[in-house]
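*Asks:* Chain by chain, the residues run as shown.
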Amino acid sequence: VTPELALQIIESHGGDPLRWPEADRAALLALAAVDAGVGKALAEARALDAMLCDWAGDVAPATFDLAAITRTPQERAAPPRRWMAGGALAAAIAAVVVMTPMGSKVSTPSPVPSATATIEGSGGEVTRSDAEAFAEVFTPTADEEDLI
Amino acid sequence: MARVAEGDAAAFTTLARGLQGQGLRLADRTLNDRAGAEDVVQVALTRLWTMAGRFDPERGSVEGWFRRIVVNLCLDRRRSMRLVQPLSEADDVASNAPDPFEAAASNDRRVRIDTAMAQLAPRQRAALVMFHGDGLSMAEIAKAMETTPKAIEGLLGRARMELRKLIDMETPE
Numbered sequence: 001v002t003p004e005l006a007l008q009i010i011e012s013h014g015g016d017p018l019r020w021p022e023a024d025r026a027a028l029l030a031l032a033a034v035d036a037g038v039g040k041a042l043a044e045a046r047a048l049d050a051m052l053c054d055w056a057g058d059v060a061p062a063t064f065d066l067a068a069i070t071r072t073p074q075e076r077a078a079p080p081r082r083w084m085a086g087g088a089l090a091a092a093i094a095a096v097v098v099m100t101p102m103g104s105k106v107s108t109p110s111p112v113p114s115a116t117a118t119i120e121g122s123g124g125e126v127t128r129s130d131a132e133a134f135a136e137v138f139t140p141t142a143d144e145e146d147l148i
Numbered sequence: 149m150a151r152v153a154e155g156d157a158a159a160f161t162t163l164a165r166g167l168q169g170q171g172l173r174l175a176d177r178t179l180n181d182r183a184g185a186e187d188v189v190q191v192a193l194t195r196l197w198t199m200a201g202r203f204d205p206e207r208g209s210v211e212g213w214f215r216r217i218v219v220n221l222c223l224d225r226r227r228s229m230r231l232v233q234p235l236s237e238a239d240d241v242a243s244n245a246p247d248p249f250e251a252a253a254s255n256d257r258r259v260r261i262d263t264a265m266a267q268l269a270p271r272q273r274a275a276l277v278m279f280h281g282d283g284l285s286m287a288e289i290a291k292a293m294e295t296t297p298k299a300i301e302g303l304l305g306r307a308r309m310e311l312r313k314l315i316d317m318e319t320p321e
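Protein sequences appear in the order of chains W and C. So for the first sequence, the numbering used here puts the first residue at 1; every next one is plus one. So for the second sequence, the numbering used here puts the first residue at 149; every next one is plus one.
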């Protein structure tokens, strides 16, 4: 236990060795006996502990209306997780919205095949087969036929 | 707790009587407001009754669960309130101590700590009362405050450091 660690433990746990981490207790006590700074911090911490124990002591009791509480209806079962159903619906709608333009882009034949179409086809991430993507790229369009 | 969840009012009354004292102390010290603390405990006990079916013994004790409800209610309440610097009420409390000098010293000490406490954050006060009043471990406080034991160590360390400065500053020469 270094003096820095000792001061840190005393600062957070107070001056009672029983509240310190067990692994550091003996070493910290030994250090406090020889290190003036740690010893002083320990004495200050004990004074503060006494004040805190007074402060945190018992409070005057109060009367609570327990009978009124027991007249309150209890939750009978776990509340239905409506947010999950709503979330699933929202996710489904979002998926449809996202997929719709993607699907129309795929199904609409482009007059000039793009590199994107080739990548999508080869990646297998869309519903078209590789053969369809290949055909789209290498089959000439009507305009291209005229040129040929 | 199983009986409470089944609607057993007598079981609830017994349980509530055992918990209300520690709940009131925790709320009172955290809020620094007696009337507010009583409101918090009444609401916490109501939740204990109405939500008893949600209690899961595998996740901890009833005491721990109740403590978490109280802490959350206190912190929510403080967030929704405008912060007011409370005046210490210690001056108005009549002392029954036999020695007037001792009583005066004790009263002075009480005033100093109350004034210093009023300047700490409610989270700091909650951690301090659980550590010094209830003797809870860092892990138990962390559970009640929904954080880590390491964070509680830091919270307590900073709270104690601030308190020392505040009390020293206010020490009459």
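By construction, these hints were calculated from the structure, which means they are not laboratory data. Treat the hints loosely; a few may be bogus.
Said to hold, decoys possible - DSSO-like cross-link-like pairs, simulated, lysine-lysine; straight-line CA separation at most 30 Å:
#1 C:Lys313 x C:Lys298
#2 W:Lys40 x C:Lys298
#3 C:Lys313 x W:Lys40
*Asks:* State for each hint whether it applies.
*Replies:* Verification of the supplied hints:
1. Proposed proximity of Lys313 of chain C and Lys298 of chain C is supported: the alpha carbons are some 23 Å apart, at most 30 Å.
2. A threshold of 30 Å between alpha carbons decides the hint, and for Lys40 of chain W with Lys298 of chain C the separation of about 25 Å falls inside it, so the pair holds.
3. With a C-alpha separation of about 16 Å, the suggested pair Lys313 of chain C and Lys40 of chain W falls inside the 30 Å cut-off, and the hint holds.
Of the numbered hints listed earlier, not one is contradicted by the structure.
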